Amino acid sequence: MKYMMMMSFKAGKESMAKGIMTWPKHDAQAHIAFMIGFNKELKASGEFVAAEGLAWPDQAKLVRAGKDGTPITDGVFPESKEFLIGYWIIDVESPERAYEVAARASAAPGPGGAPLNMPIEVRQIMGGPPEEYQ
Amino acid sequence: MTPPDFERVLRELTPQVLGALVRRYRDFAAAEDALQEALLAAATQWPQDGVPDHPRAWLTQVASRCMTDQIRSNVARRRRETEVAMESGYLIPPQDPEADDGGDDSLILIYMCCHPALTTSSAIALTLRAVGGLTTAEIARAFLVPEATMAQRISRAKQTIKASCVPFRLPLPQERERSLRAVLHVLYLIFNEGYTASAGDHLQRTDLANEAIRLTRAVHARLPGHAEVAGLLALMLLTDARRFARTGTNGEVIPLDKQDRTLWDRQQIAEGVALISAALPKGSVGPYQLQAAIAAVHDEAARAGDTDWPQILALYDLLRHMSDNPMVTLNQAIAAAMVHGATKGLELLDAVKADPLLANHHRLDAVRAHLLELAGDRNGAVLYYRAAAGKTGSLPERNYLLTQAARLSSESDSANEQE
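Protein sequences appear in the order of chains D and B. Mind the numbering: the first sequence is residues 1 to 134 in my numbering, read in order. Mind the numbering: the second sequence is residues 1 to 419 in my numbering, read in order.
Okay, chain D solo, but in the shape it has when bound:
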């Protein structure tokens, strides 16, 4: 079963992403090393499908089609929303295993090496047709 694990942050005072820039060098490095190691673990266990980080929302645009179909872009307002900052796709035996993996990501180290325990949203990826329908 494939799952997407999404890591988001709420911009503002508690912003993780803004926060990491203000962490002591040692803590930031430990966090980055953890994430690299975490991806390696998923590859070694044969569960890794994909993982990407997204650029921070400063330059993000909201796009809508205008009347003639041309794009109308608008800036986003990082203060008011939650933003996706990265995701993993894993292929695991059970939902329980997906939650276990997500909990590992959640406990990535923050300032002083303490676990961040940040929320990770876990969503099942839709599959193909069912085996039989009568």
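Just so you know, the hints here were simulated from the structure itself, not pulled from any lab data. Here the structure is a predicted model, which is why all the values come from computation and not from measurement.
DSS-like mimics (lysine-lysine), calculated; alpha carbons at most 30 Å apart, straight line:
id : chain 1 : residue 1 : chain 2 : residue 2
1  : B       : 162       : D       : 40
2  : B       : 353       : B       : 258
3  : D       : 81        : D       : 67
4  : B       : 391       : B       : 258
5  : D       : 10        : D       : 40
6  : B       : 344       : B       : 391
7  : D       : 25        : D       : 40
8  : D       : 10        : B       : 391
9  : D       : 25        : D       : 81
10 : D       : 25        : D       : 43
11 : D       : 81        : B       : 391
12 : D       : 43        : B       : 162
With chain D's structure known, arrange chain B on it following the hints.
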């Protein structure tokens, strides 16, 4: 021999030779490397010199030579490291009491690949690789994961087998039924994966179903008297026969009663029916045979209206006694509704709705919606179709359920307007 024949011969021989090597040398990974060497040699020599009279013996010999070389160099290395290397037990292949029977070797190999120490995804991957002869890249594509991930899964599976010290022999008589059940389950899952793999190229998914049928045929050829093996093969053939009718041009689900039955593969149906008809009278009826028999009853009806529902209901009653899987009850409820009316079916659903395996399952809601529609309760049906759509993990199924809900709610709108 033309190139496709050549390829087919090699694929059939691969598990037999691999099995023989693992039996002799007890090292899965090394045996596979040696076999790769032998296959490479065959690919360069056979087109020039012609296929040898005994291609299996040829491959086994070349691969054995590679293994012996490898063992020698290992031994030399170990001797340098320690004087007691000779006692490692690795040097002397055990005496082989059995005749060199390639068929038994591939059977042992499949027992090994479906070993209970492995997770199901590992067993599936290893079976396709070692017995099916698919490349890691092909398996990775079929399951839509990166090749490196699949390679890792296969290599971990081999390590698990090595660590659990599974002896390379046919399971003892008292273990055999259980081992065979594990093998059949893995084959069944490979077959299902052909249908349920997420998105991807339709052709690749079909290939997995074909691969499962090919492997089950091979097991059936080794154990022709085993009724459940025949039952599984029949089930696969009878289900796969509807392949081209079960989805529309955009991949949308077409339920059994709406399928264009002229698209069903008559030849495959005939083969499946013959297999199950021969297996059932043997007296050791099991779940695969019953499911195959149900599929056969469906396949034999020229029109949905001709379906022999009383017989299907009787078969589901038997299956229900044999398996504690509550999913069976859902299908039984549909059959009961077709025979005794929707109320009877809904009663059966109420009896299992508290089952923890079903409580939050979309199929319970989907079947209830279907039965409510049969009973004429449109609003109730719409409600449950929508509830089921919210719970399913299958995209085509969600589209189907939403379409059912939309159809019924627009019908009840226009009915209200007429009133």
